[in-house]
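A.B. asks: When we follow our numbering, the leftmost residue of the first sequence carries the number 3, and every step to the right adds one.
With a straight-line cut-off of 27 angstroms between C-alpha atoms, the simulated DSS-like cross-links for lysine-lysine are: (1) Lys338 to Lys328; (2) Lys76 to Lys187; (3) Lys177 to Lys76; (4) Lys284 to Lys94; (5) Lys94 to Lys76; (6) Lys130 to Lys177; (7) Lys83 to Lys267; (8) Lys267 to Lys104; (9) Lys177 to Lys187; (10) Lys83 to Lys187; (11) Lys328 to Lys104; (12) Lys94 to Lys267; (13) Lys19 to Lys160.
By construction, these hints were calculated from the structure, which means they are not laboratory data.
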Amino acid sequence: MSIHLYDSATREIRVFKPLTPGAVSIYLCGATVQAPPHIGHVRSGINFDILRRWLTHSGFQVTFIRNVTDIDDKILQNALKEEIPWWALALKYERVFTNAYKELNVLPPTYEPRATGHITQMIELIEKLILRGKAYAPGNGDVYLDVHSLDEYLTISKQKLADLLVSPDGDQSFKKNPQDFALWKGAKSGEPSWPTPWGAGRPGWHIECSAMAHAYLGEAFDIHGGGLDLVFPHHENEIAQSNAAGYPFAKLWMHNAWVTTAGEKMSKSLGNSLRVNELLSKVRGIELRWYLGSAQYRSMLEYSPEALEESAAGFRRVENFLKRAKEIIGQNPEIKISKDFAAAMDNDLAVPEGLATIAELVRSGNAAITANDKKTISENAAYVRGALSILGCDPFDDNWVGDESNDLTEIVDGLVKLALAEREEARIRQDWQSADRIRDAISAVGISIEDTSSGPRWTITRGENR
RNA sequence: GGUGGGAUGGCCGAGAGGCGAGGCUCAGGACUGCAAAUCCUGCUACACGGGUUCAAAUCCCGUUCCCACCUCCA
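My request is simple: use the sequences and hints to build the entire structure.
C.D. replies: In C-alpha cells, the structure reads:
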C-alpha cells in the first residue's frame, strides 16, 4: 500500500516517493494578508492539512512550510484605504488568518516565514540570477527575469510563450520582452523599500516563494502546493527563478480547486466571497471544516447555504454515533484507520470515498448500539474516530473540546436531570401532557431529549442557526 | 487566440469499459404514550448525436452549454 498523488506538472497520478526516505518536505503558498480570509482560502489550508495528516499517519516525518506574504501591491492599497501603516494592516490580517486556521483545526506549519523577513535571501537569489545571465537590471530600480534566456518555461501550465496575451499594464518600456516579469520593483515615492545593489525597492510577487522555499527546504523538495489559480503565473515564475538559479525545485505539484458560488469562482474582484467569520456564526468550526474538506481537493466545491447545512447535519449524525459509543464503552474510542479508508486516502486523497466508509461504519455501529453489541460498537467507533482524526474533525480532539464548554456540562446535566426526573414521574402516571410540557420547555432552551432503552438522553442542539 | 476543468437521479456528490459509491430529501415499515434518535425497505441516473465492443456514464468522433487561467487571486 502506498500513497498515490496527482502531479499537476505531469497531469497523472503517480506513486509518491520522497527525495529522502521517511521524510517529506512541503511548501504551500499561504495567504497574502491583505483582507480577512474567505472560505476558499481556508479550503486550501484544510486540503493540505489533510495531506499533511495523512502523510504523518503513513509514517513520514513532514516538514511543512506555509508562507505569509506581507508585502504586496494590494496590501499597500488597502493600508491607504484603512489609513493605517502597511505593516500594521499585514499583521492585523495575518492574525485573522491564524485565528481562522485555529478555529478550523488546521495545524500550524512547521515554520511560517514572512516575506519581509527574507529580503536578504531574495537579494542573494536575484544577484545569482543576474550573475548567471538570466536576469537584468535596466537601471530604473527594477530587476526582470529574462524569460527567453530560460531552457524551459511554462512547463506546468503547458502554454506557449507566444500564445500568452500581453499584459495591458503598459509599463514595459524597460523590459527586453513583454513577458519578462519583475523580480524586484524599484520604489515609488511613499512606498516601503529596502536597499539593494540596484537601488531601493521591494520584492516582486514571485521571488519570495523561491527564496523561502530554498531557505527552509533546500534546492529540491518534495511537494509544492497552492490554489489552482496560482499555476500561472505564480508557480511558473517560481519554477523559472529557481531553475534559472540552478535549483531543481519541487518534485511534485499539487493544486486545490476552488470554492465556487453559482458556478463561479469566489474572488475578491467579483465580490462574491464568503468570509470565514460569517459562516462560523452559522455552523461550528468542526462542521465548516467537515464541509470544506468533504470534496476531493481537485474538485470544485459549489457553495450554498443548503449544502453547508446538509453537510453539517451529516456530520452531527457521525458525531452523535461517536458520543453515544463513548457513553456505552465508558471512554473515548480508540483511533484506528480502516483498510478501506486508507485505500481511499492513498488514492490521491479520495475523501468522498473515505466518507462512504464512515457512513457504513456509522450505520452498522448504530445497529450495534441497538443490539448492545459492545465489541462492534467500540471497533466501529475506533475506525470512525480514526478517519475523522485524519480529516481534522475528531470531536474528541483537544482543539474542539473547548467548543463544548465542558466545565458547564456537569452543571447542566444536574439541572436537566432534575427536570427529567419530574417528567419520568409524569410518564409513570401516564400524564403525557405534563411530560410533553417539560420536554418542550427543555428543548426551548436548546437541549433535545431522546428516550432510549436505557432512559432519557439529552444533547445540546444550539438551535437551528448556531 | 492559447491552456485547462466540467455537465451524473428531486438535491448534493463519487466513480472512469461489466458487478446499482455514499449522503440528504421523499414514501412505506419497525421501535415509541407521542416525539426524537436509530434500523429496515423503496426511488436504476450519467448533456446531445453517432461509432467501437459480447458489454459504454466510463473508450473514439462530432455537437451544445457552463466555468476558469493567460491582470490580482486559494
